[in-house]
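Those sequence lines, one after another, are chains A and B. Position one of the first sequence corresponds to residue 1225 (the working numbering), numbered consecutively onward. Position one of the second sequence corresponds to residue 15 (the working numbering), numbered consecutively onward.
A couple of the hints might just be wrong.
Think about it this way: if two alpha-carbon atoms lie no more than 27 Å apart in a straight line, the pair counts; the simulated BS3-like pairs of lysine-lysine are [claimed, not checked]:
1. B:K280 to A:K1265
2. A:K1551 to A:K1265
3. B:K136 to A:K1551
Partial selection, computed: residues in chain A whose CB lies under 10 Å from chain B [stated by the list, open to error]:
4. L1308
5. F1321
6. F1449
Quick caveat, the hints were computed from the structure, so don't treat them as lab data. Heads up, the beta-carbon is just placed ideally off N, CA and C, and yes, glycines get one too.
If you want the building blocks of each chain, they are given just below.
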Amino acid sequence: MIPIDLPIIWAFIIAFAVFVYVVMDGFDLGLGILFPLFPEKHDRDVIMNSVAPVWDGNETWLVLGGGGLMAAFPLAYAVLMPALYTPIIAMLLGLVFRGVAFEFRWRTTAARNRWDVAFAGGSILATLAQGIALGAILQGIHVEGRQYAGGWWDWLTPFSILTGVSLVIGYALLGATWLIMKTEGALRDRAYHLSWVLLLAMLAAIGAVSIATPFLHVQYTQRWFTWPNILLTAPVPVAVAAITVLLLRSLANKYDYQPFFLTLALFMLSYAGLGISMFPYIVPQSITIWQAAAPANSQIFMLFGVAVLIPLILGYTAWAYWVFRGKVRPESGYH
Amino acid sequence: MFEGWDAVVLARAQFAFTMSFHIIFPAFSIGLASYLAVLEALWLWTGREVFINLFNYWLKIFAVAFGMGVVSGIVMSYQFGTNWSAFSDKTGPVIGPLMAYEVLTAFFLEAGFLGVMLFGLKRVGPRLHFLATLMVAIGTLISAFWILSANSWMQTPTGHAVNADGQFIAADWLKVIFNPSFPYRLVHMVLAAYLTTALVVGAVGAWHLLRDRHLAGPRVMFSMAMWMATLVAPIQILAGDQHGLNTLEHQPVKIMAMEGHFQSHKDGAPLILFGLPNQTAARVDYAIEVPKLGSLILKHSPDAPMAGLDTVPRENWPPVPITFWSFRIMVGMGLLMLALGLFSLLMRVQGKFYDSRLLHIFALLMGPAGFIAVLAGWITTETGRQPFTVYGLLRTAESASPLAAPAVASSLIAFIIVYFAVFTAGVIYLLRLMAAPPHPGEQGPSHEVPTRTAGITPAAGAVPEGAVR
């Protein structure tokens, strides 16, 4: 019998959950980031309605990411959460504001503007915090024994600010290309225009993070630039270039669906790059996935559930998206 | 600021605060989701328009409450790590999978079908829509199953072992999941959620009946809610009694705190009705007590001996005054619910059900009683478990994150400010929705053109609205 490496399987499951979260909540948060650029009530109603039926499901992947991490890699969860204390709390509070805004803004006319601000501000705060958390993980975390041993401001560095801002740009691009797909007329034209600007900004951000990362740790440099690793790593930037060309072309040709899915492809490549840098650490430079792994019987117990339920979840989630497919028209708004 | 504070106390305050805010919403949405499924089923079955009106009326309220439950729940799933990292490291292998199963089997189910439930009636038609409503309702119950299993394991841990790293690991998953207090806690909580919702629905119905006793929608919802109170309040008291006996068997110290039994009683313990527990002096001041009744209730024999806190080392005492008082508040609310249920039955039998202003005022005042009881009950069971997170095995003080007090204090203040701002607004919007009566042609959260929604009727010979009166 071939020995099964459970921690590797679980690392992929958690990575998958986080990626699905980025795919699904990314555009959703991106719409919030773009909200200030669409001051018209009519536009805002359409933007809100394009995600109102699905935002809750999107955020559930974040709960799976957190809950799954605690279950499969409790040590990593126990070290990362206190290390990222401030960004995590900021993200949670941001999500509170934007989450309630989905319902609250329809329940008041006097204070609607206030909930629109909460939606935008909460989305920006949550995204910035997620990006900062990512940067803080990449730059390394001070661990002693089985505990975080740093202070509560260790996460704040120029690099983590860079990753934070980069994620805001990236989610905004996802939001803009989502609007291209889901809206019509003047709103869609504005989304095209924004997508151009945001794409250029995102390419700059990917470039900046890619250049900065190898300087964080010699391990990252070796991972990316030494023979024979380079055989595996070189295709990543090449693919980024290819996707960028396709994305520019799809924007120029005013395609409906391609810009969104190609932006997702860009995210996937950046995410793969992240995985290449980190593996096999779950807390970079201190804790590997094998050290952090929960005992085999915990991981096996959950594996059954994941194997059966994740396909089922993807199935009915896809159905929900299918029910609300097509362009959102203001006159048939949900609210 | 806050340098001199105890980070563990602040972390406990934060958990108590965020958890108390959170539990209010699931306690309501578990019951309301089931109620909505019943209303839609009745609409599909009878075709009476009053049921779809009530469905749409309560659906709008559900949407707001559910949203608040979701966002306050995401906070909880990360709080274990941020403030209780040592606990997470040690218990993650056991309760982590239970919570992961909650996400996989419940949260996704609720969230996946919620969009269709809220906005999709016209897109998918009545039957598929009912399926979506049913899935959301089932999801809330599955969620209760897993999270109460995890909590119960912390109260009455079984089926585990400890590994070389000091982590709890599961030796027998079935024993972990179906630990001794779990069935009692699950029944008690689900019934509590149903009662809580029934009391809210009843209060809203009563409010509108007080203004106009002929309104069809309020009459139907008031009647349904009062049936619920009449039938479920006595069952809940029985379930609570059984839960108490189970606690006596597995967590006797908690019962001592709930009863204020500082001293052991060799031949029958009294039931202390009221008093001021004095933890330092280890006595209940100004106690009003009934001799032997404590033993009669807990041991079903008036002379049965009962051990008191004097048999327990002081460092293992829970905070007695909180446990003692929160328990009395919960029981008091339960007895009031029983009274409401019986009174409504009496009025029903006498044919004064829709006319008795006294009943309607009573039901209106009882609107928040379920929430108070749920909060008091949770405070009883959680405070009574102290000073442990995993009862008898892991101390609360050894569970916290290695954080300095200023970090925990800052986040606590942030949570307090944000929660009060956001949830106060939410409750105002909920009350505003409830203040308007359900009317014929009631719309759901979707503002569709009225004629189109009214055009969807499940049965051909739909009974017109007026027939209800």
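Hints, verified against the model:
{"no.": "1", "hint": "B:K280 to A:K1265", "in the structure": "violated (73 Å)"}
{"no.": "2", "hint": "A:K1551 to A:K1265", "in the structure": "holds (18 Å)"}
{"no.": "3", "hint": "B:K136 to A:K1551", "in the structure": "holds (16 Å)"}
{"no.": "4", "hint": "L1308", "in the structure": "holds (8 Å)"}
{"no.": "5", "hint": "F1321", "in the structure": "holds (7 Å)"}
{"no.": "6", "hint": "F1449", "in the structure": "violated (34 Å)"}
Of the hints listed earlier, those the structure fails to meet are numbers 1, 6, in rising order.
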